[in-house]
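Undergrad: Given next are the chains, with one letter for each unit.
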Amino acid sequence: MGKNLPGYFGEFGGRYSPEILTEALDELESTYQKLKKSKKFKKELEYYLKNYVGRPSPLTYAERLTKLWGGARIWLKREDLNHTGAHKINNAIGQALIARFMGKKRIIAETGAGQHGLATATVGAMFGMETIVYMGAVDVERQNLNAKKIEMLGAKILPVTAGEATLKEATSEAMRDWALNVSTTHYIVGSAIGPHPFPTIVRDFQSFIGTEARAEFKKRNKKLPNAIVACVGGGSNSIGMFHAFLKDKQVAIYGAEAGGLGPKPGEHSATLTYGKTGFLHGTKTLIIQDEFGQIVPAHSVSAGLDYPGVGPEHAHLSQIGRVDYRMVTDEQALDSFLEVTRVEGIIPALETAHAFHVARDVAKDLGKKKDLIICLSGRGDKDVTEVLRLLGERK
Amino acid sequence: MSKIKTLFESNRFKSAFIPYFTLGDPNYNDSIEFGKTILDNGADILELGIPFSDPVADGPVIQRAVARSLKNTFSFEEIFRVTKAIHDHKPETPLVYLTYFNPIYHCGISKFLDHAKESGIVGLVIPDLPFDTEESEILFRELKVREMDLIHLVTPASEKKRIQALSKTSSGFIYYVTSFGVTGERREFSVDLKERIKFLKDTIQLPICAGFGISTPEQSNQISLYADGIIIGSAIQRIIEENGSDRTKAVSALAEYISKIRASIS
Numbered sequence: 001m002g003k004n005l006p007g008y009f010g011e012f013g014g015r016y017s018p019e020i021l022t023e024a025l026d027e028l029e030s031t032y033q034k035l036k037k038s039k040k041f042k043k044e045l046e047y048y049l050k051n052y053v054g055r056p057s058p059l060t061y062a063e064r065l066t067k068l069w070g071g072a073r074i075w076l077k078r079e080d081l082n083h084t085g086a087h088k089i090n091n092a093i094g095q096a097l098i099a100r101f102m103g104k105k106r107i108i109a110e111t112g113a114g115q116h117g118l119a120t121a122t123v124g125a126m127f128g129m130e131t132i133v134y135m136g137a138v139d140v141e142r143q144n145l146n147a148k149k150i151e152m153l154g155a156k157i158l159p160v161t162a163g164e165a166t167l168k169e170a171t172s173e174a175m176r177d178w179a180l181n182v183s184t185t186h187y188i189v190g191s192a193i194g195p196h197p198f199p200t201i202v203r204d205f206q207s208f209i210g211t212e213a214r215a216e217f218k219k220r221n222k223k224l225p226n227a228i229v230a231c232v233g234g235g236s237n238s239i240g241m242f243h244a245f246l247k248d249k250q251v252a253i254y255g256a257e258a259g260g261l262g263p264k265p266g267e268h269s270a271t272l273t274y275g276k277t278g279f280l281h282g283t284k285t286l287i288i289q290d291e292f293g294q295i296v297p298a299h300s301v302s303a304g305l306d307y308p309g310v311g312p313e314h315a316h317l318s319q320i321g322r323v324d325y326r327m328v329t330d331e332q333a334l335d336s337f338l339e340v341t342r343v344e345g346i347i348p349a350l351e352t353a354h355a356f357h358v359a360r361d362v363a364k365d366l367g368k369k370k371d372l373i374i375c376l377s378g379r380g381d382k383d384v385t386e387v388l389r390l391l392g393e394r395k
Numbered sequence: 001m002s003k004i005k006t007l008f009e010s011n012r013f014k015s016a017f018i019p020y021f022t023l024g025d026p027n028y029n030d031s032i033e034f035g036k037t038i039l040d041n042g043a044d045i046l047e048l049g050i051p052f053s054d055p056v057a058d059g060p061v062i063q064r065a066v067a068r069s070l071k072n073t074f075s076f077e078e079i080f081r082v083t084k085a086i087h088d089h090k091p092e093t094p095l096v097y098l099t100y101f102n103p104i105y106h107c108g109i110s111k112f113l114d115h116a117k118e119s120g121i122v123g124l125v126i127p128d129l130p131f132d133t134e135e136s137e138i139l140f141r142e143l144k145v146r147e148m149d150l151i152h153l154v155t156p157a158s159e160k161k162r163i164q165a166l167s168k169t170s171s172g173f174i175y176y177v178t179s180f181g182v183t184g185e186r187r188e189f190s191v192d193l194k195e196r197i198k199f200l201k202d203t204i205q206l207p208i209c210a211g212f213g214i215s216t217p218e219q220s221n222q223i224s225l226y227a228d229g230i231i232i233g234s235a236i237q238r239i240i241e242e243n244g245s246d247r248t249k250a251v252s253a254l255a256e257y258i259s260k261i262r263a264s265i266s
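First to last, the sequence lines map onto chains A and B. Its first residue numbered 1, the first sequence is counted upward by one per residue in full-length UniProt numbering. Its first residue numbered 1, the second sequence is counted upward by one per residue in full-length UniProt numbering.
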């Protein structure tokens, strides 16, 4: 494996994980290559996506937001309407099918906001697999509804108390579990991060988002949209949305990342703005780190964006300038959360609320008679308690 | 010839004893004392851990050590100062660093290696830098010109083809991971450990040292019958954890433990 081979996106990506995982990663890569070409696998995946997840998800014209923002027409790719309420289920199903094919009966996952944990617990229940979900102890508290659902589905949550007790630590712990149980276990990585081939596999399973949105928009409007926007933490919904549009040079692409409380280290998760090249969780990517290469704790109002790294393909897209990544603060995200809820009758995930904030600016800049699609990555039921708490603090 | 190669060719021991501890736990000055104590009581090679915030190949004991260390202000200057002080105490004993790749990359490979060499370091172990990466190849070349070693990890899951390929950019010794999982003390080892090490010896023309999970003199004695070296980290770090608040107590506990292990493999 070397640069310019699959596994790298420009200079980013690769496989920088402990040696004990190498054989499992090789097995995963070769199995996936095989399954990708298999009509039977494709059919099986499509079956579950259609009949279990509810794909294709609709493309909703947001009439009231369009009027309110006074610019481009706003369209919403409704991943919130998927079973379990977010895009995460697309990847969880795909990887669970791979795990089943490899004969692995135990699946593990890391989760921040809990949506990936929930999706993994769901497919674990459906396929009858032992499921373990690593979740930072802080996230177990702030995303308690999802934590409860995960347990109700029969999965075991292992709270991680190390460090900041959020997604970064949960990811490290899941990697350690995998190293110990690699022959019986598949690690369903939840975002387009991690050692090769995970960023590619996750992107592929999420690329339905963009492919469907592109086809549906084109069918209804006989043209392509002028811009698309999605939020970026690790970056799975966004890379899934962006991928189908990357070659459409006339389509402007925007990513929204968590600006948190401000620009100081520890106050944000704005990896693409403040990150520097480094190595974390098996991949070479942009990372928020100090002058000595120690990873700096990330912060976001949204547990799903609270990660100091980003998928390597995003790092590449940022470097080559194909995607315009912008920061959104906690306060701005909170305002967008409330605005979209009240204006469109859709409660978006706090992660997606970041994308709405960027979209509002882009829509105004584009002006009327232009079109913009926002990837509504998930619904915000999980965030309601946290939002109410934050609104209480505002008073 | 590298210092590690010379050491293994000297036939000074039946099996080398390679202790590990994390620098800066509980503070950098105590690390100097711990290092001197370990050298005085029978380390053949000493592995010094440069703390990294996200040590994915390490178990709870070393994770906690790293967290305690990083509560101090981290700097490479401090790391190199402490290393040099330990090295000056017993310059004939080879010192190697064990760390993750990100801090080295961030420091800059050449700069890091120059300072490391000046401080007495003769080799590197990097658990998250597989041999088949461009960075590993660069590092190997840079180490070679400085007569330093790149010590790779081989695991029970590593296949023959990979082990053969790995031998091209390995030097010093092979760090054989005795069992699946992360660092930490274990009661039992895989039944085929002896065969695996024999297989490695036949495949790679380098000393094979076993690590991950070894903690007692009995285990060391048993494994030293067929491994060229015994690497112990978590058990040492646990002594520092339990006694670290009292330097004198920690030094005495370390001395006792290190000499016991050394005696068990002589």
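Think of the hints as simulated: they come from the structure by calculation, not from any bench. Hints are not guaranteed to be accurate.
To be verified - Derived lysine to any residue pairs resembling SDA-like cross-links, with alpha carbons at most 25 angstroms apart: (1) A:K218 <-> A:T184; (2) A:K276 <-> B:S75; (3) B:K71 <-> A:E164; (4) B:K198 <-> B:A157; (5) B:K71 <-> A:F101; (6) A:K218 <-> A:S30; (7) B:K160 <-> A:H83; (8) A:K156 <-> A:K247; (9) A:K247 <-> A:G103; (10) B:K71 <-> A:Y47; (11) A:K37 <-> A:Y47; (12) B:K3 <-> B:E242; (13) B:K160 <-> A:N181; (14) A:K369 <-> A:T211; (15) A:K105 <-> B:S158; (16) B:K160 <-> A:M102; (17) A:K276 <-> A:K218; (18) A:K264 <-> B:R68; (19) B:K161 <-> A:S30; (20) B:K198 <-> A:S183; (21) A:K43 <-> A:E11; (22) A:K276 <-> B:E135; (23) B:K168 <-> B:S158; (24) B:K5 <-> B:S190; (25) B:K161 <-> A:N181; (26) B:K161 <-> A:G163; (27) B:K71 <-> A:G163; (28) B:K71 <-> A:G10; (29) B:K194 <-> A:L180; (30) B:K161 <-> A:G103; (31) B:K161 <-> B:R187; (32) A:K276 <-> B:D132.
Undergrad: It remains to establish, for every hint, whether it holds in the given structure.
TA: Hint check:
1. In summary, the hint linking K218 of chain A to T184 of chain A is not supported, as the alpha carbons are separated by about 44 angstroms, beyond the 25 angstroms threshold.
2. Simply put, K276 of chain A and S75 of chain B have alpha-carbon atoms about 18 angstroms apart, close enough for the 25 angstroms limit, and the pair holds.
3. For a cut-off of 25 angstroms, the pair hint linking K71 of chain B to E164 of chain A stands: about 13 angstroms separates their Cα positions.
4. Between K198 of chain B and A157 of chain B the CA atoms are separated by roughly 15 angstroms; this keeps the pair inside 25 angstroms, and the hint holds.
5. Between K71 of chain B and F101 of chain A the CA atoms are separated by roughly 45 angstroms; this puts the pair beyond 25 angstroms, and the hint is violated.
6. For the hint linking K218 of chain A to S30 of chain A, the alpha-carbon distance of about 35 angstroms lies beyond 25 angstroms, and the restraint is violated.
7. The straight-line distance between the Cα atoms of K160 of chain B and H83 of chain A is roughly 44 angstroms, outside the 25 angstroms bound, and the hint therefore fails.
8. Between K156 of chain A and K247 of chain A the CA atoms are separated by roughly 42 angstroms; this puts the pair beyond 25 angstroms, and the hint is violated.
9. Distance restraint check for K247 of chain A and G103 of chain A: the Cα-Cα separation of roughly 37 angstroms exceeds the 25 angstroms cut-off, and the hinted pair is therefore not satisfied.
10. For the hint pairing K71 of chain B with Y47 of chain A, the CA-to-CA distance comes to about 51 angstroms; that exceeds 25 angstroms, so the pair is violated.
11. Taking the CA atoms of K37 of chain A and Y47 of chain A, the gap is near 16 angstroms; set against the 25 angstroms cutoff, the hint holds.
12. Between K3 of chain B and E242 of chain B the alpha-carbon distance is near 33 angstroms, which puts this suggested pair outside the 25 angstroms criterion.
13. For the given pair, K160 of chain B sits about 21 angstroms from N181 of chain A by alpha-carbon distance, which is consistent with the 25 angstroms threshold.
14. Distance restraint check for K369 of chain A and T211 of chain A: the Cα-Cα separation of roughly 23 angstroms lies within the 25 angstroms cut-off, and the hinted pair is therefore satisfied.
15. For the suggested pair K105 of chain A and S158 of chain B, the alpha carbons sit about 22 angstroms apart, so the restraint of at most 25 angstroms is met.
16. Simply put, K160 of chain B and M102 of chain A have alpha-carbon atoms about 21 angstroms apart, close enough for the 25 angstroms limit, and the pair holds.
17. For the suggested pair K276 of chain A and K218 of chain A, the alpha carbons sit about 38 angstroms apart, so the restraint of at most 25 angstroms is broken.
18. Simply put, K264 of chain A and R68 of chain B have alpha-carbon atoms about 24 angstroms apart, close enough for the 25 angstroms limit, and the pair holds.
19. Restraint check: the Cα-Cα separation between K161 of chain B and S30 of chain A comes to about 16 angstroms, which is no more than 25 angstroms; the hinted pair holds.
20. For the proposed pair K198 of chain B and S183 of chain A, the alpha carbon gap of about 23 angstroms is at most 25 angstroms, so the pair holds.
21. Note on K43 of chain A and E11 of chain A: the hinted pairing is violated, with a Cα-Cα distance of about 34 angstroms set against a maximum of 25 angstroms.
22. For a cut-off of 25 angstroms, the pair hint linking K276 of chain A to E135 of chain B stands: about 17 angstroms separates their Cα positions.
23. The straight-line distance between the Cα atoms of K168 of chain B and S158 of chain B is roughly 15 angstroms, inside the 25 angstroms bound, and the hint therefore holds.
24. Taken as a hint, the K5 of chain B and S190 of chain B pair is broken in the structure, with Cα atoms around 28 angstroms apart against an allowance of 25 angstroms.
25. The straight-line distance between the Cα atoms of K161 of chain B and N181 of chain A is roughly 23 angstroms, inside the 25 angstroms bound, and the hint therefore holds.
26. With a CA separation close to 38 angstroms, the supplied pair K161 of chain B and G163 of chain A exceeds the 25 angstroms bound.
27. Distance check on the hinted pair: K71 of chain B and G163 of chain A sit about 11 angstroms apart at the alpha-carbon level, within 25 angstroms; holds.
28. Our distance criterion of 25 angstroms between C-alpha atoms is broken by K71 of chain B and G10 of chain A, whose separation comes to about 36 angstroms.
29. In summary, the hint linking K194 of chain B to L180 of chain A is supported, as the alpha carbons are separated by about 20 angstroms, within the 25 angstroms threshold.
30. Simply put, K161 of chain B and G103 of chain A have alpha-carbon atoms about 24 angstroms apart, close enough for the 25 angstroms limit, and the pair holds.
31. Only pairs whose Cα atoms come within 25 angstroms are accepted, and K161 of chain B paired with R187 of chain B is rejected, the gap being roughly 31 angstroms.
32. In summary, the hint linking K276 of chain A to D132 of chain B is supported, as the alpha carbons are separated by about 23 angstroms, within the 25 angstroms threshold.
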